[in-house]
Amino acid sequence: MKYLAAALLIVLVLLQYRLWFSDGGMREVSQLRAEIAAQRQENESLRERNRTLAAEVQDLKKGTVAIEERARTDLGMIGSGETFYQVVKEATNDGD
Numbered sequence: 001m002k003y004l005a006a007a008l009l010i011v012l013v014l015l016q017y018r019l020w021f022s023d024g025g026m027r028e029v030s031q032l033r034a035e036i037a038a039q040r041q042e043n044e045s046l047r048e049r050n051r052t053l054a055a056e057v058q059d060l061k062k063g064t065v066a067i068e069e070r071a072r073t074d075l076g077m078i079g080s081g082e083t084f085y086q087v088v089k090e091a092t093n094d095g096d
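Residues 1 to 96 in the numbering used here are what the sequence shown lists, from first letter to last.
Bear in mind the hints are in silico, worked out from the structure with no lab data behind them. Don't be surprised by glycine CBs; every beta carbon is placed ideally from N, CA and C. Take these hints with a grain of salt, some might be off.
[As the list claims (entries may be wrong)] Across the chosen pairs, the derived CB separations fall in these ranges:
1) R47 / R70: 48 to 56 Å
2) R47 / Y17: 39 to 47 Å
3) N43 / L8: 40 to 48 Å
4) T92 / R47: 25 to 33 Å
5) R27 / K2: 31 to 39 Å
6) L53 / W20: 30 to 38 Å
7) T73 / N50: 17 to 25 Å
8) I67 / V88: 54 to 62 Å
9) F21 / T52: 39 to 47 Å
10) E44 / L9: 30 to 38 Å
11) Q41 / M1: 29 to 37 Å
12) M26 / A66: 22 to 30 Å
[Said to hold, decoys possible] Think about it this way: if two alpha-carbon atoms lie no more than 20 Å apart in a straight line, the pair counts; the simulated SDA-like pairs of lysine to any residue are:
13) K61 / E82
14) K61 / T73
15) K61 / R51
16) K62 / R51
17) K61 / R72
18) K61 / S45
19) K2 / L19
20) K61 / N50
21) K62 / R72
22) K2 / V13
23) K2 / R18
24) K62 / L46
25) K62 / N50
26) K89 / G76
27) K61 / R49
Input sequences plus hints: build the corresponding full structure.
Below, the structure is given as structure tokens:
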């Protein structure tokens, strides 16, 4: 009876060790859950970015306001009848 109890105890310890510390054990499961949570968060931020870009594409397809805004900011274009004024900051002398 002693040998049977000792053998069962050894088997129990080995199974617990495999459960907690081996490949596919609880430590790895916990790590994989953390990786899944991080991936889900990244996916959500990418979905939001895609929604923003899709809205911008729709705006560019439908209206001229977005195209005009892009032309003004990216290409420096001005509309007909408009006058362009450039404000230059005055240089300061730090040495004097």
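Status of the hints after comparison with the structure:
Between R47 and R70 the beta carbon distance is about 24 Å. The supplied range of 48 to 56 Å is therefore violated. Range check, R47 to Y17: Cβ separation about 42 Å, and the 39 to 47 Å hint holds. Checked against the hint of 40 to 48 Å, the pair N43 and L8 passes, with Cβ atoms roughly 46 Å apart. Between T92 and R47 the C-beta distance comes to about 47 Å, which lies outside the given range of 25 to 33 Å.
For the hinted restraint 31 to 39 Å between R27 and K2, the CB-CB distance of approximately 34 Å keeps it satisfied. Between L53 and W20, the C-beta spacing of about 45 Å breaks the proposed range 30 to 38 Å. Between T73 and N50, the C-beta spacing of about 22 Å keeps the proposed range 17 to 25 Å intact. The hint said 54 to 62 Å for the Cβ distance between I67 and V88, and at roughly 29 Å that hint is violated.
Roughly 45 Å separates the CB atoms of F21 and T52, a value that falls within the hinted 39 to 47 Å. The hinted window of 30 to 38 Å between E44 and L9 is violated, with their beta carbons roughly 48 Å apart. At roughly 55 Å, the beta-carbon separation of Q41 and M1 lies outside the given 29 to 37 Å, and the hint is violated. Against the hinted window of 22 to 30 Å, the Cβ-Cβ separation of M26 and A66 comes to about 52 Å, which falls outside the hint.
About 25 Å separates the Cα atoms of K61 and E82, which puts this hinted pair outside 20 Å; it is violated. For the hint pairing K61 with T73, the CA-to-CA distance comes to about 18 Å; that is within 20 Å, so the pair holds. A distance of roughly 15 Å separates the Cα atoms of K61 and R51; the hinted pair therefore holds under the 20 Å criterion. At most 20 Å may separate the alpha-carbon atoms for a hinted pair to count; K62 and R51 meet this at roughly 16 Å.
Note on K61 and R72: the hinted pairing holds, with a Cα-Cα distance of about 17 Å set against a maximum of 20 Å. Pair hint K61 plus S45 does not hold up; C-alpha atoms about 24 Å apart against a cutoff of 20 Å. As the CA atoms of K2 and L19 are separated by approximately 26 Å, the hinted pair breaks the 20 Å bound. At roughly 16 Å between alpha-carbon atoms, K61 and N50 fall within 20 Å of each other, so this suggested pair holds.
Only pairs whose Cα atoms come within 20 Å are accepted, and K62 paired with R72 is accepted, the gap being roughly 18 Å. Taken as a hint, the K2 and V13 pair is honoured in the structure, with Cα atoms around 16 Å apart against an allowance of 20 Å. In summary, the hint linking K2 to R18 is not supported, as the alpha carbons are separated by about 24 Å, beyond the 20 Å threshold. Proximity of K62 to L46 is assessed by CA-CA distance (about 24 Å); at most 20 Å being required, the pair is judged violated.
In summary, the hint linking K62 to N50 is supported, as the alpha carbons are separated by about 18 Å, within the 20 Å threshold. Simply put, K89 and G76 have alpha-carbon atoms about 19 Å apart, close enough for the 20 Å limit, and the pair holds. For a cut-off of 20 Å, the pair hint linking K61 to R49 stands: about 18 Å separates their Cα positions.
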